[in-house]
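Novice: Taking our numbering, the leading residue of the sequence shown gets 24, the next gets one more, and so forth.
The set of hints was computed from the structure by calculation and includes no laboratory data. Glycine included, C-beta positions come from ideal geometry on N, C-alpha and C. Don't take each hint at face value.
[What the hints assert, rightly or not] Here are the simulated SDA-like pairs of lysine to any residue, each with C-alpha atoms no more than 20 Å apart in a straight line:
| hint | residue 1 | residue 2 |
| --- | --- | --- |
| 1 | Lys160 | Arg113 |
| 2 | Lys153 | Asp178 |
| 3 | Lys104 | Lys165 |
| 4 | Lys299 | Lys317 |
| 5 | Lys165 | Ser145 |
[To be verified] Just the calculated beta-carbon pair ranges, DEER-fashion:
| hint | residue 1 | residue 2 | range |
| --- | --- | --- | --- |
| 6 | Asp141 | Trp103 | 34 to 44 Å |
| 7 | Lys165 | Glu330 | 39 to 49 Å |
| 8 | Thr147 | Lys222 | 16 to 26 Å |
| 9 | Thr121 | Thr373 | 14 to 24 Å |
| 10 | Ala157 | Gly393 | 23 to 33 Å |
| 11 | Gly140 | Tyr232 | 46 to 56 Å |
| 12 | Asp254 | Gly152 | 38 to 48 Å |
| 13 | Thr373 | Ser241 | 18 to 28 Å |
| 14 | Ala193 | Glu228 | 25 to 35 Å |
| 15 | Ala250 | Asp333 | 53 to 63 Å |
| 16 | Asp382 | Lys104 | 36 to 46 Å |
| 17 | Gly255 | Ser231 | 28 to 38 Å |
| 18 | Arg309 | Phe189 | 48 to 58 Å |
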Amino acid sequence: MKIVNAIGNIDDKLIESAEKSSRKPRRLWVKWCSAAAAAVVLVLAGILIAPHLTHNNNSGGERVYKYHVNGAESNIVWPWKYLTDGEKYRTISLDNTTYNIRNCRIIGDEFLGETIGDAVASGTDDTTGKKYTATFKVRKIKGIAPEYMVAAGNDKDFYVYMVSDFKDPATVGELLENYNLRQNMRLDNFTECYGYDEKGNYSIENDSYIWDVLTGYSDAKLCSDDAFNRDGIEYLTFCVSSDALGVYKKVIYISESGYLETNILDYGYTYYIGEKTAREIIDYARKNGRKAEKVVYEASIDGTLTEIGDGYVLIDDSILCEDAGKGRVYKVYTDDIRMRRCIELGNIQTGDIVSAKYDGDISENNEVSGAYSIYTGELVSGGLVIPE
Numbered sequence: 024m025k026i027v028n029a030i031g032n033i034d035d036k037l038i039e040s041a042e043k044s045s046r047k048p049r050r051l052w053v054k055w056c057s058a059a060a061a062a063v064v065l066v067l068a069g070i071l072i073a074p075h076l077t078h079n080n081n082s083g084g085e086r087v088y089k090y091h092v093n094g095a096e097s098n099i100v101w102p103w104k105y106l107t108d109g110e111k112y113r114t115i116s117l118d119n120t121t122y123n124i125r126n127c128r129i130i131g132d133e134f135l136g137e138t139i140g141d142a143v144a145s146g147t148d149d150t151t152g153k154k155y156t157a158t159f160k161v162r163k164i165k166g167i168a169p170e171y172m173v174a175a176g177n178d179k180d181f182y183v184y185m186v187s188d189f190k191d192p193a194t195v196g197e198l199l200e201n202y203n204l205r206q207n208m209r210l211d212n213f214t215e216c217y218g219y220d221e222k223g224n225y226s227i228e229n230d231s232y233i234w235d236v237l238t239g240y241s242d243a244k245l246c247s248d249d250a251f252n253r254d255g256i257e258y259l260t261f262c263v264s265s266d267a268l269g270v271y272k273k274v275i276y277i278s279e280s281g282y283l284e285t286n287i288l289d290y291g292y293t294y295y296i297g298e299k300t301a302r303e304i305i306d307y308a309r310k311n312g313r314k315a316e317k318v319v320y321e322a323s324i325d326g327t328l329t330e331i332g333d334g335y336v337l338i339d340d341s342i343l344c345e346d347a348g349k350g351r352v353y354k355v356y357t358d359d360i361r362m363r364r365c366i367e368l369g370n371i372q373t374g375d376i377v378s379a380k381y382d383g384d385i386s387e388n389n390e391v392s393g394a395y396s397i398y399t400g401e402l403v404s405g406g407l408v409i410p411e
């Protein structure tokens, strides 16, 4: 389940046999927003990842290509010195309480509260088996009690850690209150679904009403089994993220049959909020939702690697375009250690067809920040490999 949990959004039916948990009603649940179900299946099979046909940027909107890039990300077990602190130290111990890292995304300073102590951070070098420890500062996350989550790290970067032996939220109220969801999460993007079919993607400017409705039914109890069945029913899938909670593009389902189901804590939790409550939320979302683009799990810059510079690479996407004259050259910054390790250890050279993943922005001058991975691939059109 380690690979699936890192990638997510594979249909529940495909992993039903692998879902095991020693503590019911938890269910190890890894469904994402709708961007990458095919990608997961292919990665698990050890073949290719799904193509990135387009990406959004600030300088020219969405790019639509004639060809796309298929490629396998490197399966290298990175040496210790090439790991981020979050990748190195997955566990911390503070006052006899153990916390596990939520993900390796850095939490912003705006979410950090007061310092509450120093923790022992532990990690293992997978290439040598050597164990390491370090001292991390621990700070509160604003609005979250340390009995649930804390932020820990060095003076530069902090990561979200969750208490390892946490109690399942017994009611919707506990879920909302313990993790301060109203403050830390936006219900502003959703997909309207029927059964396993998507009917449209929408955005909402104001989600206060939805939180009000859920708060009004906060005593809804956690179901003892997986009671939510999508077959033949209407439901909304909200795509949610929260830097404060270490949540990145997870989902909250609201079904016409009266269920709320979510994987924001990585395990699946299902609550019966009632058909009337669910209908209020669905009707409000439909009335106030505006057509929107599908939320993309990962954005990428694809094309030919034309230069490897000091702290950057240049990627030309002309080879992907119907008209090569409309191609663009992107300057992708490589200050992130995860980019540097791909280049230094991944045998990437100029002239290669590459795909660089990023979660930052693209400037008007086609400068890309927030790049964290780059790998080689091949041009594909309609399932056929295109000779370079």
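Novice: Could you run down the list of hints and mark each one as holding or not?
Specialist: Here's how the hints hold up against the structure:
A hinted pair counts as satisfied when its Cα atoms are at most 20 Å apart, and lysine 160 with arginine 113 qualifies at roughly 14 Å. Between lysine 153 and aspartate 178 the CA atoms are separated by roughly 25 Å; this puts the pair beyond 20 Å, and the hint is violated. For a cut-off of 20 Å, the pair hint linking lysine 104 to lysine 165 is broken: about 32 Å separates their Cα positions. Our distance criterion of 20 Å between C-alpha atoms is broken by lysine 299 and lysine 317, whose separation comes to about 28 Å.
In summary, the hint linking lysine 165 to serine 145 is not supported, as the alpha carbons are separated by about 25 Å, beyond the 20 Å threshold. The given range of 34 to 44 Å is broken by aspartate 141 and tryptophan 103, whose C-beta atoms sit roughly 22 Å from each other. For the pair lysine 165 and glutamate 330, the supplied restraint of 39 to 49 Å holds, since their beta-carbon distance comes to about 42 Å. Checked against the given bound of 16 to 26 Å, the beta carbons of threonine 147 and lysine 222, roughly 46 Å apart, lie outside it.
For threonine 121 and threonine 373, the Cβ-Cβ distance of about 46 Å falls outside the hinted range of 14 to 24 Å, so the restraint is violated. Look at alanine 157 against glycine 393: about 25 Å separates their beta carbons, and that is inside 23 to 33 Å. For glycine 140 paired with tyrosine 232, a C-beta distance near 40 Å fails the hint of 46 to 56 Å. Our hint of 38 to 48 Å for aspartate 254 and glycine 152 holds, since their Cβ atoms are close to 47 Å apart.
Checked against the given bound of 18 to 28 Å, the beta carbons of threonine 373 and serine 241, roughly 58 Å apart, lie outside it. Separation of alanine 193 from glutamate 228 is about 32 Å and conforms to the stated range, judged on CB atoms against 25 to 35 Å. Distance hint check for alanine 250 and aspartate 333: the Cβ-Cβ separation is about 56 Å, which falls inside the suggested range of 53 to 63 Å. In this structure the supplied range 36 to 46 Å is violated for aspartate 382 paired with lysine 104, their Cβ-Cβ distance being about 23 Å.
A C-beta distance of roughly 32 Å is found between glycine 255 and serine 231, which places it inside the suggested range of 28 to 38 Å. The hinted window of 48 to 58 Å between arginine 309 and phenylalanine 189 is violated, with their beta carbons roughly 35 Å apart.
Hint compliance for this structure: hints 2, 3, 4, 5, 6, 8, 9, 11, 13, 16, 18 are broken, all remaining hints hold.
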